[in-house]
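Undergrad: Given the structure of chain A, go ahead and fit chain B onto it with the hints provided.
Number of protein chains: 2
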Amino acid sequence: MKLNQFMKEYAEVIERNLELLYSKDSGLPIIQDAIMYSLLGKGKRLRPLLTLMACQLFDGDLEEAMPYACCIELIHTYSLIHDDLPVMDNDDYRRGKLSNHKVYGEGFALLAGDGLLNNAYEILIESIIAKPTPARLRAASIISKAAGTSGMIGGQAIDLYYEDREINIDKLEEMHSKKTGALIRASLEAGAVISKANEEDVGRVKIYGEYIGKAFQISDDILDVIGTKEKMGKTIGKDAKKNKSTYVTYYGLEKSQEFLSQTVRNAKKILEIYGSKASLLIELADFIACRDA
Amino acid sequence: MKLNQFMKEYAEVIERNLELLYSKDSGLPIIQDAIMYSLLGKGKRLRPLLTLMACQLFDGDLEEAMPYACCIELIHTYSLIHDDLPVMDNDDYRRGKLSNHKVYGEGFALLAGDGLLNNAYEILIESIIAKPTPARLRAASIISKAAGTSGMIGGQAIDLYYEDREINIDKLEEMHSKKTGALIRASLEAGAVISKANEEDVGRVKIYGEYIGKAFQISDDILDVIGTKEKMGKTIGKDAKKNKSTYVTYYGLEKSQEFLSQTVRNAKKILEIYGSKASLLIELADFIACRDA
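Sequence order for the protein chains is A and B. Counting along the first sequence from 1, when you hit position 18 you're at 18 in the working numbering, and nothing is skipped either side. Counting along the second sequence from 1, when you hit position 188 you're at 188 in the working numbering, and nothing is skipped either side.
Keep in mind the hints are simulated off the structure, nothing from the lab. Please note: incorrect hints may appear among the correct ones.
Where chains are identical, the list cannot tell them apart; a pair therefore holds if satisfied intra-copy or between any two copies.
What the hints assert, rightly or not - Derived pair list, reagent style DSS-like, types lysine-lysine, alpha-carbon separation capped at 25 Å: (1) LYS145 - LYS131; (2) LYS42 - LYS97; (3) LYS206 - LYS97; (4) LYS145 - LYS196; (5) LYS255 - LYS277; (6) LYS131 - LYS196; (7) LYS269 - LYS42; (8) LYS97 - LYS196; (9) LYS171 - LYS42.
The following block holds chain A by itself, in its conformation from the complex (with noise of 0.2 Å):
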């Protein structure tokens, strides 16, 4: 299966899973309301469709790696919700939409990105009880552990931290590393770990997160330079105009294009060894390159 098909066939089978998860009535609109609205639509899902990928690339159950895909696109999207509030990155858009704080006010911005996060734990445990396999357990730990204060809330506090002071390439590259990579880069373990691939296998599609989180990274800094609101949906120019470190404003706009072209030919050369069984991800890579949003 080519990328695009893939990519687009089971984009719409996460958006099935994700609605599922709240089509029962909370008793409470709002609070349900809140969530859906950030949850459901606009995604690129690319946390979970690398879950899914990773799953298929080493012969694991798609449908067993569900669970935790969606998982990560719930931890996703809360961290987008909080950090689109006043009190951190201060964005209106989103997704191609008014950011969740814009439409239902802070307070219930605020809470339903605690309800997400909080909804994939319980989702996990539950999907651990339903079946308490050493996978799974390792599924669970590894997300939990990216998405926390070692990982990208970690990431999310250095940004803070260093929002008003000067920023070094090192510490810069620490806080892309923990702010995107680290989800990125479990969403790709995780489905590793689901699929009983064996050390050497899941040690490999990390390092090839590792590459792709930094590629996503230098080529978003590249599209808030020269891309437009209407195609990446968010609100553009904002590193510039908050005097935020960028790769662009260190390195440049040429050399973070070399660089980034460099990053994803790593990324390509660490799957190799997997052939054509491994296309899709290696595809994945070119698409995160010269993706245009």
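TA: Here is chain B on its own, set in the frame of chain A:
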């Protein structure tokens, strides 16, 4: 052992266990500082103590229950930090000191709360990996549901929704039952489950939890009228100032005090069957009714 002695002794044990969770260098002092600021020190540790007392009632191993007790305190603390934020209750004081966002700013307070919630699940998952027993899995499930959108977060959403709307007594009770009650019930239930109590026993401490949760809330509403800021360690008279519906605004002070006594009697009655074995929890019900802070 007397309640006083148990609470003093085990509050210290809990404190040491909480400290241990954050003793490692996170590599980013500020988020760890913000977490430790709210987590350590002045808490009553009611919820984790309930877990330990329920565990003790059914001859469980207190050490086995400790990670669950600590996780509940992490979840409780995150909820306080987020609840104190200006977009929610906008409270400047908590546990006798400035609230988290007054010290670290709203962004870090947001992240400290997110971090605590996530850390709680990291710990739960690690504890299950260490020994994946049905009891541990069930305790984790109980805690996660109590903290989620059908429990605590759902209650906070009701609270927020009715901030400037007329609320009836049923909805007010539902709000409290979810916002405060759910985690209190879960604290007891988790302690009982970890001790491998039978279903009847688990059911009984849950009902006891329902009563003391309600008692706690009624006494909170009474204290908001007759308490002092010095003793409570938080702003007093806030409910009236915010025109908030409380048991006192519904029933008046005197009837609320009667209602409180009745609720405490009910709580104690349900545990009578255990005789002196339940003396800690029975004494605790009185303690909640008579507390001045």
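Undergrad: State for each hint whether it applies.
TA: Okay, the hints, checked on the actual structure:
1. For the homomeric pair LYS145 and LYS131, the shortest alpha-carbon distances inside one copy (21 Å) and between copies (19 Å) are both at most 25 Å.
2. In the homo-oligomer, the alpha carbons of LYS42 and LYS97 lie at most 25 Å apart inside one protomer (9 Å), although the nearest pairing across protomers, at 43 Å, exceeds that limit.
3. Neither within a single protomer nor between protomers do LYS206 and LYS97 lie at most 25 Å apart by alpha-carbon distance, with minima of 32 Å and 43 Å respectively.
4. Taking the closest pair of Cα atoms, LYS145 and LYS196 come within 25 Å of each other only inside a single copy of the chain (19 Å); across copies the shortest separation is 29 Å, beyond that limit.
5. Neither within a single protomer nor between protomers do LYS255 and LYS277 lie at most 25 Å apart by alpha-carbon distance, with minima of 32 Å and 72 Å respectively.
6. Proximity of LYS131 to LYS196 under the C-alpha cut-off of 25 Å is found in both arrangements, the shortest distances being 15 Å within a copy and 20 Å between copies.
7. When the C-alpha separation of LYS269 and LYS42 is checked against a cutoff of 25 Å, the pair qualifies neither within a copy, at 31 Å, nor between copies, at 54 Å.
8. In this assembly of identical chains, the alpha carbons of LYS97 and LYS196 never lie at most 25 Å apart, being 39 Å within a copy and 49 Å across copies at closest.
9. For the homomeric pair LYS171 and LYS42, neither the shortest alpha-carbon distance inside one copy (32 Å) nor that between copies (35 Å) is at most 25 Å.
Of the hints listed earlier, those the structure fails to meet are numbers 3, 5, 7, 8, 9, in rising order.
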